[in-house]
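Trainee: The chain contents come next:
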Amino acid sequence: MNDPLLEIRNLQIDGESDEIWHEIIKGIDLHLDRGEVLGLIGESGAGKSTLGLAAMNFCRPGCRIREGSIRFDDQELTEQSELTLRKLRGVRIAYVAQSAAASFNPAHQLIDQFSEIPVVHGVKSRREAEKDAKDLYGRVLLPDPDGIGYRYPHQVSGGQLQRAMTAMALSCRPDLIIFDEPTTALDVTTQIEVLTTIRDIVREFNTAAIYISHDLAVVAQMADRIMVLRYGELVEEATTREMMSSPKMEYTKSLWAVRSFKKEAETVASAMSPVVKVDNVTAGYGSEDILKEVSFEIHRGQTVAIVGESGSGKSTAARVITGLLPPRLGDIQLNGKILPKSFKARNKEQLRHVQMIYQMADTALNPRQRIRNIIGRPLSFYLGLTGKQKEARIRELLSLIELEPDLYIDRFPDELSGGQKQRVSIARALAAEPEFIICDEVTSALDQLVAEGILRLLDRLQREFNLAYMFITHDLATVKAIADNVVVMLQGKIVEQGSKTEIFSPPHHDYTELLLSSVPEMDPDWLNELIAHREKHGVMSSTSIS
Amino acid sequence: MNKILLMILQRFGLGLLTLFVVSIIIFVGVEFLPGDIAEALLGQGASPENVAALRHELGLDRPAHTRYIDWWAGVLQGDLGTSLANRRDIAELITFRLSNTLFLALTAAAISVPLALLFGILAALYRNSLYDRSVNVVTLGAVSAPEFLTAYVLILYFSVKLGWFPSLSNIDQDTSFIDKLHQVALPAITLMGVILAYMMRMVRASIINLLASAYIEMAHLKGMPKFRVIVKHALPNAWAPIANIIAISLAYLVVGVVVVEVVFIYPGLGQLMVDSVSNRDIPVVQACSMIFAGTYILLNLTADIVSICTNPRLLHPK
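Order-wise, the sequence lines are chains X and U. Take the first sequence: its position 364, counted from the start at 1, is 364 in my numbering, and no numbers get skipped. Take the second sequence: its position 103, counted from the start at 1, is 1103 in my numbering, and no numbers get skipped.
Incorrect hints may appear among the rest.
[To be verified] To give an idea of the interface, some chain X residues facing chain U are shown, with a C-beta separation under 8 Å as derived from the structure:
1) E116
2) V119
3) L334
[Unchecked claim] Subject to a maximum C-alpha distance of 27 Å in a straight line, what follows is the list of computed DSS-like cross-link-like pairs (lysine-lysine):
4) K1161(U) with K1180(U)
5) K1180(U) with K134(X)
6) K1232(U) with K124(X)
7) K292(X) with K344(X)
8) K493(X) with K341(X)
9) K131(X) with K1232(U)
10) K337(X) with K493(X)
11) K277(X) with K493(X)
12) K292(X) with K277(X)
13) K253(X) with K480(X)
14) K131(X) with K292(X)
15) K1180(U) with K87(X)
16) K493(X) with K480(X)
17) K337(X) with K277(X)
18) K390(X) with K348(X)
19) K1003(U) with K124(X)
20) K348(X) with K277(X)
21) K1232(U) with K87(X)
The hints are simulated quantities; they were obtained by calculation from the structure and are not laboratory data. By construction, the Cβ of each residue, glycine as well, lies at the ideal position given by its N, Cα and C atoms.
Build the full structure now, drawing on both the sequences and the hints.
Mentor: In structure tokens, the structure reads:
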């Protein structure tokens, strides 16, 4: 029994892109004992998921294991037939995917997808499996454990789906579960609930687990031991406490230090008139109101962060300001003048001053246009620039966003990294020479180091051009870094607004308190202490507050 | 459930509206063609007086909009009118032709739809294998050859050289079912060559598209057998696109058989319509095109209903 449950030696995995094979995992060793939880951490492209899946000897299409050994419970997986592997998957090694919403089949009830595993593998009868499902649904704290299984995935919320998926992974009581970023797509308040569930379940069933995440603070709560990966190579490995207290490698230290950027909050004289004023706005789709009597102001040179969970109405507020969604009641004012409700009725000057940067730069940039055209279009549309003047301005803008003009001006978006694409989006917004820019979750799809670069750039541009930002985010670390004022939203209403210092120092509104305390901290004991604290003071959740 | 019913009724209403618009377009289109049936019937040597007399007799000297309204009045009472060329009742004229066309189309569909599904699913499963590539080459080859060429090659081998099937699809009211099948074998195979490749490739593409989704990967990671992954996890989500592909192919079968009907001298609707257009026999053209348009609309409506009824989000609302 002293043998490790899983032992990977010198694993090398190749990936194919444009018909060229290149290494994604470059000779990694990994071992895992029974009942142990190993954290895998790294930025996107570090090979975490590939390595996690390799523990099941599974490769995504376009990948292949070139060399190395994967021993699971004294079986060499790389030498097993497809049939043997299939009988192992789901039964002895289970997988919990990042997006439960995408990983549940939309056409079947949850309990069908649960029971299928033990039934097809001949472990349990259908009736036993359903009984077990209800029992496990209860243990992962799903509401109505006897009935929820008969719902379809779209009828259940994201956090609940993630728990149902954890329950599904347990259906055959596996020896090992691979958790691939199970909470990344969730709100902080939901994340805590799912993290607690996962940790309790893993302990209760003494299951070994590989926990994959890009979020160090999350991994610190879950793992006994942490491996830091970068470019498919191991950077550092240590027990969680050792790693947290004394990281050895430069790269690991830089991950720890990521949230160091912080700008000084500007206090704006209230006498000055705001650039944008949202005045008692109610808006929504169909008969439903998503925004309810929302009012706030944004001044020149100032950043207002709009904070809230998904569904709180943050992005709807942006759509109302840009005129994409005309409000039912209330007005939007730009420099004291009321803007037409719909963007169709606004003139070029009004359109020019409200620009937007999106979360997914991938989809916000036309993949068939060169950078020259992407940035040049607003220059000719709003400012009527042509020829040499336009060319010079494009180059100037590229230098502003710290991209070498000669190198990048003729590229397509596909030829840029995620961070560079977001920089181009910024340049496009800047090209219109606006007074006001809406940044909708602009850093949430980016790795932390890259995200910090974007935040620094936005901050510099703000000071240079005296811009007003509305910064929509669910990430409180970003808020702490960049905001002057904060607006906290819950279910379409503003629960609290004020300067950053006011919002972040007690006393807090109940909901703000919940949000703030839910942000994972780099302390391995944080989750324990938080849960103990919340149990003592009565459990809070966002629904109980509203 | 009410919401679904409402959606279906809405689609149905839109279909009727489309039919109405089509009738106007066809009527106006035929009006714009040079010449009319009087000239076509009497030939080039006819005197203007004779032509005018015939026009008056057929009622063609009345203004276009009154003729159009009269036509609608008849249709709404179930009367499609009479053919201007031979004075026969159009409903009677069309019934036989339509049943022939439908028989040919359904025979072709009965063979090609199951084959396309099977080939498509297998091609998706064994993507880029030898099987996938050869099926692609063969079906693409079949679709690339013009229909008349395929038809004549088939006639050359199967009726002239081997003598298995007749080269002319000669059927009338008294032909028995088995005989009919024998008669339409070659035209049906010709049509199959056209739609099989298209359907198969679309089925393959939509299944491959689905196989890339996260829940399919999940099914594999749950250790599900390959076959079960396709049948239980991919197919239930593929009905909507597949129904669309089948509907469009079937519509093509009904509407696009003209060439095949001509080659095999098959007494179908397409041939009748071609003849009627060259005769400027407006009521017949109108009736044929309404049937064709109706077929298209009905099949697309069916595809819509299938995709609505297989969408769990609509079937099981929150």
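Trainee: State for each hint whether it applies.
Mentor: A quick look at each hint next to the structure:
Look at E116(X): its Cβ gets to within about 7 Å of chain U, closer than 8 Å, so that hint holds up. Hint status for V119(X): violated, given a least beta-carbon distance of 11 Å to chain U, over 8 Å. Given the 8 Å rule on beta carbons, the hint for L334(X) is violated: about 38 Å separates it from the nearest Cβ of chain U. With a C-alpha separation of about 21 Å, the suggested pair K1161(U) and K1180(U) falls inside the 27 Å cut-off, and the hint holds.
Restraint check: the Cα-Cα separation between K1180(U) and K134(X) comes to about 59 Å, which exceeds 27 Å; the hinted pair is violated. For the given pair, K1232(U) sits about 19 Å from K124(X) by alpha-carbon distance, which is consistent with the 27 Å threshold. The straight-line distance between the Cα atoms of K292(X) and K344(X) is roughly 24 Å, inside the 27 Å bound, and the hint therefore holds. Of the supplied pair hints, the one linking K493(X) and K341(X) holds, its CA atoms being roughly 20 Å apart against a limit of 27 Å.
Between K131(X) and K1232(U) the alpha-carbon distance is near 22 Å, which keeps this suggested pair within the 27 Å criterion. Taking the CA atoms of K337(X) and K493(X), the gap is about 24 Å. The hint holds against a cut of 27 Å. Proximity of K277(X) to K493(X) is assessed by CA-CA distance (about 16 Å); at most 27 Å being required, the pair is judged to hold. Only pairs whose Cα atoms come within 27 Å are accepted, and K292(X) paired with K277(X) is accepted, the gap being roughly 16 Å.
Taking the CA atoms of K253(X) and K480(X), the gap is near 21 Å; set against the 27 Å cutoff, the hint holds. At roughly 43 Å between alpha-carbon atoms, K131(X) and K292(X) are farther apart than 27 Å, so this suggested pair is violated. Distance hint between K1180(U) and K87(X) is unfulfilled; the C-alpha atoms sit about 53 Å from each other, more than 27 Å. For the given pair, K493(X) sits about 21 Å from K480(X) by alpha-carbon distance, which is consistent with the 27 Å threshold.
Restraint check for K337(X) and K277(X): satisfied, since their Cα atoms lie roughly 9 Å apart, inside the 27 Å limit. For the given pair, K390(X) sits about 18 Å from K348(X) by alpha-carbon distance, which is consistent with the 27 Å threshold. Between K1003(U) and K124(X), the direct Cα distance comes to roughly 39 Å. Violation of the 27 Å bound is thereby established for this hinted pair. About 19 Å separates the Cα atoms of K348(X) and K277(X), which keeps this hinted pair within 27 Å; it holds.
With a C-alpha separation of about 18 Å, the suggested pair K1232(U) and K87(X) falls inside the 27 Å cut-off, and the hint holds.
Checked against the numbered hints listed earlier, the structure breaks hints 2, 3, 5, 14, 15 and 19; every other hint is satisfied.
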